[in-house]
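Take a look at the letters that make up each chain.
There are 2 protein chains.
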Amino acid sequence: MQSDLVEEQRQPLLIVISGPSGVGKDSVLQRMKERNLPFHFVVTATTRPQRPGEADGVDYYFVTHDEFAEMIEKGELLEYAIVYNDYKGIPKGQVRQALASGRDVMMRIDVQGAETIRELCPDALLIFLSTRTEGELVSRLEARKTETPEGLKLRIATARQELKRVGMFDYYVINPDHRLDETVDIILSIINAEHHRTQPRQVTL
Amino acid sequence: MQSDLVEEQRQPLLIVISGPSGVGKDSVLQRMKERNLPFHFVVTATTRPQRPGEADGVDYYFVTHDEFAEMIEKGELLEYAIVYNDYKGIPKGQVRQALASGRDVMMRIDVQGAETIRELCPDALLIFLSTRTEGELVSRLEARKTETPEGLKLRIATARQELKRVGMFDYYVINPDHRLDETVDIILSIINAEHHRTQPRQVTL
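Read top to bottom, the protein sequences are chains C and A.
For the first sequence, position 87 (counting from the first letter as 1) is numbered 87 according to our numbering, and the numbering increases by one without interruption.
For the second sequence, position 133 (counting from the first letter as 1) is numbered 133 according to our numbering, and the numbering increases by one without interruption.
Rather than coming from a laboratory, the hints here were simulated on the basis of the structure.
Misleading hints may appear alongside valid ones.
No distinction is drawn between identical chains; accordingly, a pair holds when it is met within one copy or between any pair of copies.
List time: in silico SDA-like cross-link candidates among lysine to any residue, alpha-carbon distance up to 25 Å [to be verified]: (1) 164 - 197; (2) 164 - 200; (3) 164 - 195; (4) 33 - 152; (5) 145 - 77; (6) 33 - 188; (7) 74 - 164; (8) 74 - 199; (9) 164 - 72; (10) 92 - 185; (11) 153 - 188.
All values reported here derive from a predicted model rather than from experimental measurement.
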């Protein structure tokens with residue numbers, strides 16, 4: 001939109017959806033893709049095994065530990081972390097290209113990774129996703145059936161610590177069971193609002 | 001909404017819709033009322049003559065200059081200003097009561113008044129409404145047919161000065177002709193987003 005009175009802010013945003021394991025980060029991003037929202041969805045590189053239904057290059061770039069090590073050495077990752085013995089990283093070039101094209105960049109990342117993004121880019125838009133109750137979180141992790149009892153315990157303990165970091169985020173959104181579209185709508189409201197700030201975020205990487 | 005993990009922020013907001021004369025502040029608030037949005041809409045006291053279609057106690061409290069002077073003396077006004085030879089003021093008690101009841105308070109006010117609200121309440125949510133172009137603003141003022149040529153000239157000159165104050169506001173929203181519902185939807189997005197901030201605004205008066 002053009003205006004000779006007030007300059008409308010169309011600077012692209014770097015949007016980070018984060019929160020404890022099990023809150024529904026992947027589901028939220030999946031629903032956004034289904035709704036054909038005009039974001040660049042970052043494809044994360046990971047060494048974790050491909051789950052049924054996941055496609056390489058779409059859900060993740062599935063790479064070997066050797067390939068991942070090479071990306072680290074070449075400085076090709078914006079951020080990377082070991083999450084439950086698996087590596088995950090955000091390819092830097094991909095994010096820069098998308099921002100340069102003027103598109104809002106959308107990524108999901110664990111809480112530790114979000115902290116790193118905040119340090120690298122203080123004006124990133126950080127959204128903390130949470131279940132309504134701890135019970136809901138436990139139910140979702142159990143329903144996945146991908147966790148050993150020890151793994152589950154570890155994830156819950158980690159979640160409790162991560163919830164204390166919510167103040168580092170800009171916004172938090174509760175993602176209740178069976179109301180994914182409402183959650184997406186709230187996130188879209190936040191993004192819409194951010195594009196109407198008089199003091200726009202300055203995203204530089 | 002209740003959560004034992006993250007406290008959802010339901011602190012009421014003090015929302016100020018401002019902008020130059022002619023940008024459509026009254027129309028935007030009128031449309032919000034028609035849509036039965038759950039805000040407390042502040043009723044401003046004014047000494048200006050009632051226009052056709054306006055109802056006392058609904059659109060404004062129409063008061064005499066003597067009555068207005070008494071409200072000033074008794075300290076019953078949050079803010080007041082002389083606007084084109086007429087007095088307008090915000091009854092303080094009304095705003096406090098609405099906030100105490102937990103409702104978001106919505107008011108429209110001229111740019112000068114918005115500056116006063118910012119001083120009184122730094123965490124007020126200030127939205128600057130603008131037309132897309134200066135030509136649109138002039139057309140709207142002319143269409144009102146309530147302006148003398150001198151009055152129109154004065155309003156346009158004032159608008160030019162007011163546009164320079166946009167940085168004092170939190171958000172700006174373009175209100176194009178014939179797209180009132182879109183404008184209202186953007187404002188609702190902003191309010192929705194604000195209720196999901198991790199650092200909520202502290203509204204005290």
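Now for the hints, and whether the structure bears them out:
Only between protomers do residue 164 and residue 197 lie at most 25 Å apart by alpha-carbon distance; the minimum there is 15 Å, versus 28 Å within a single protomer. In this assembly of identical chains, the alpha carbons of residue 164 and residue 200 lie at most 25 Å apart only when taken from different copies (16 Å versus 27 Å within one copy). Taking the closest pair of Cα atoms, residue 164 and residue 195 come within 25 Å of each other only across two copies (19 Å); inside a single copy the shortest separation is 28 Å, beyond that limit. For the homomeric pair residue 33 and residue 152, neither the shortest alpha-carbon distance inside one copy (28 Å) nor that between copies (49 Å) is at most 25 Å.
When the C-alpha separation of residue 145 and residue 77 is checked against a cutoff of 25 Å, the pair qualifies neither within a copy, at 31 Å, nor between copies, at 62 Å. For the homomeric pair residue 33 and residue 188, the shortest alpha-carbon distances inside one copy (13 Å) and between copies (24 Å) are both at most 25 Å. Within a single copy, residue 74 and residue 164 get their C-alpha atoms no closer than 34 Å, and across copies no closer than 47 Å, so neither meets the 25 Å cut-off. Taking the shortest Cα distances, residue 74 and residue 199 never come within 25 Å of each other, neither inside one copy (35 Å) nor across copies (38 Å).
In this assembly of identical chains, residue 164 and residue 72 lie within 25 Å of each other by CA distance neither inside one copy nor across copies; the values are 29 Å within and 47 Å between. For a Cα distance limit of 25 Å, the shortest separation of residue 92 from residue 185 qualifies neither inside one copy, at 28 Å, nor across copies, at 35 Å. In this homomeric assembly, residue 153 and residue 188 never come within 25 Å of each other (Cα to Cα): the closest approach is 33 Å inside a single copy and 40 Å across copies.
Consistency with the previously given hints fails for numbers 4, 5, 7, 8, 9, 10 and 11, ordered from lowest to highest.
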